Amino acid sequence: MAGEAIPPNVPHNSGGAIERYSVSPDLPLGLSLDVDTGIISGTPHTISAATDYVVSGASAQGTAQAQLRITVADKATPPIALNYTQASSVYEVRQPIAVNRPHPTGVVVRYSIDPALPAGLRFSADQGTISGTPLELSDAQVYTVTGFGLPDASQSGGQVAVEHLTITVEGNIVPPLPEPPVVPEPAEPPIVPPLPAPPLPAAPTGFHYQRTWAVYAKGRPIFANVAYHDGGAIETYAPAQPLPAGLVVDPATGDISGTPLERTGADRTYTIEAIGPGGKASTEVTLRVVDPGTWTPVPGTMSTPRYAFAQVALPDGRVLAIGGRSTGQPSLDSAEIYDPNTGRFSPAGRMSTPRFIPLATLLPNGKVLVAGGRGVDGPLASAETFDPNAADPAAWQPAESMSSAHLEGAMALTSDGNVVVTGGDVSTTNSIVITNATDVYTPGSGANGSWSPGPALGQGTMFATALPMLDGDLIVVPAGSVKTERGTSAASIAQTLAKPWASWRIGNMSNGARSQYAAWMASQTTALVFGGMGPSFRPVGTVDLYDATAQTWASVPGLVAPRTNMMLAPLDGNRVLIAGGGVGSGIYGTDTAEIYTFDPDNPGNSHAATAASMTSIRIGGAATTLADGTVLVVGGLDNVSTPRYLDTAELYVP
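Residue numbering for the sequence shown follows the working numbering, starting at 5 and increasing by one per position.
Keep in mind the hints are simulated off the structure, nothing from the lab.
Computed from a predicted model, the values in this text were never measured in an experiment.
All C-beta atoms in this analysis are idealised placements derived from N, C-alpha and C, irrespective of residue type, glycine included.
Hints may be right or wrong, so weigh each one.
What the hints assert, rightly or not - Listed next, with one range per pair, are the computed distances between beta-carbon atoms:
| # | residue 1 | residue 2 | range |
| --- | --- | --- | --- |
| 1 | G370 | N345 | 28 to 36 Å |
| 2 | V103 | P202 | 38 to 46 Å |
| 3 | G66 | P246 | 33 to 41 Å |
| 4 | D475 | S507 | 19 to 27 Å |
| 5 | A451 | P246 | 17 to 25 Å |
| 6 | P303 | S419 | 34 to 42 Å |
| 7 | A206 | G370 | 30 to 38 Å |
| 8 | V103 | R509 | 54 to 62 Å |
| 9 | G608 | T488 | 31 to 39 Å |
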């Protein structure tokens, strides 16, 4: 990880002594190779995509080489997927195979495989590679590869990713020639029939890339776009036309990597060929290179425009958009999934209940819990789950209902793996009735989880956000709207619920009242609350800082522009993107954006700076940071000229 010293990586060799070591290409900034001992050590300073390095050891008797793959991440990212080059392989018996390599998403420190590979094939526990020459025939067999991540590299730690590989070994094993019969002289020797001709090698099949569409920032190293194929040997890969300057196709693996040095403007499609002894196959990738700090539309649109919906990042990197409101449909039951590997949306089934402003979160078991919101007849107490690994219509399953409805309430995941839902509106009429009820969802209980009442808020609130701090041991609900004698008004209170979840504690924030704000956890002990709707029903631009360790609030420098109901997504550990929302006394939507940089060592030096504007005005949309660091912004409402709900999406490319 960037900023953390690595344990020394010591070389081992057999044979004569090595006199001098070298490495190519240069190691990531902060790491160094001792030319005398070959030890790699140091502290990496910047993140770096997975890169292969060749270390050479030389002496008067000759040179030996070894290959390393090094990834520098900005944090100990748990392994999500292993992404083997070939998920399904058909090998020829007694013929060497091309090395099948993993390309993990996240940090993997060791691998295991079960059951054992066919005789002659080797599995590397350090690199996860499969190589060798199969010596016996084998029917199609599924092998489970497990990649173990940090911190303790044990399955009990939960930091694992699993991939299932299918391997078949085919062909003819030629029996040894029979011994010639013993015949008396001068008989003629027997005629031995010719050996059968070996089978012709198979042509490559199923050749494709992990990402068929991708957008990159000029001058920024890209995450490798991994090549895959289903069968047939491949000897080399090559592009049919030059890629954007700075990007290359690895002739051995087919992976696309590098640092783009020129803009493409629009999308450009490139043909890549995979050539083997049995023939060749080709596939296409579409690439777009833009300047850093640019907004750019994705090629796909949603099937339904939607506003005030829930959006959740799935474990495999896709993004789920749930419910909301559209033209002529006050509550939607539909859902859609955005795939960053294609830039397009696909249907994700339908909920049992239409939901406007639903609450949603990813559960530890990989499912998505959706609860509350507004249905056709008013606030909802019902809940359901979505399983991204199940086929429609089984993906959506009803769950037990909550004890209270929660519209514009708050939801957070606790350290126990449970979900807290609190506050919101429960009125079925045009009036607002704010509840202080809390419901707790236990995923492992009952047929599909169960709900139980939790401690009531000290004061009922809505239009607030729940923050799971201290690794989920402390739930913080800043500000929000509360009931007053004249209706509702933004509040300056902050309510906290600490493990063992006995009761809520009420405190005061530093910058006055707000609701419909944006909040960001800069760390497990630090959170910032941005903008929102003030007590005079006008957007505010102030920013509050919460220290969970000291349980104190402080004022820090504010936003460039007061705004409410905006979208927020982190860019890195200290920067967050804030875009769209409502501005001015009329709460008109805006396409403006800004980047807030938080200084954890001196919060008073934190500051906001104007960023490029989006391609559309968006209020009530949703934003998610993707695995490659870009920010996906989806849907919303343009209420400035001709009001319309949006089915479009765009990416911010840092």
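Which numbered hints are broken by the structure, listed smallest first?
Violated hints (numbers, rising): 1, 2 and 5; every other hint is consistent with the structure.
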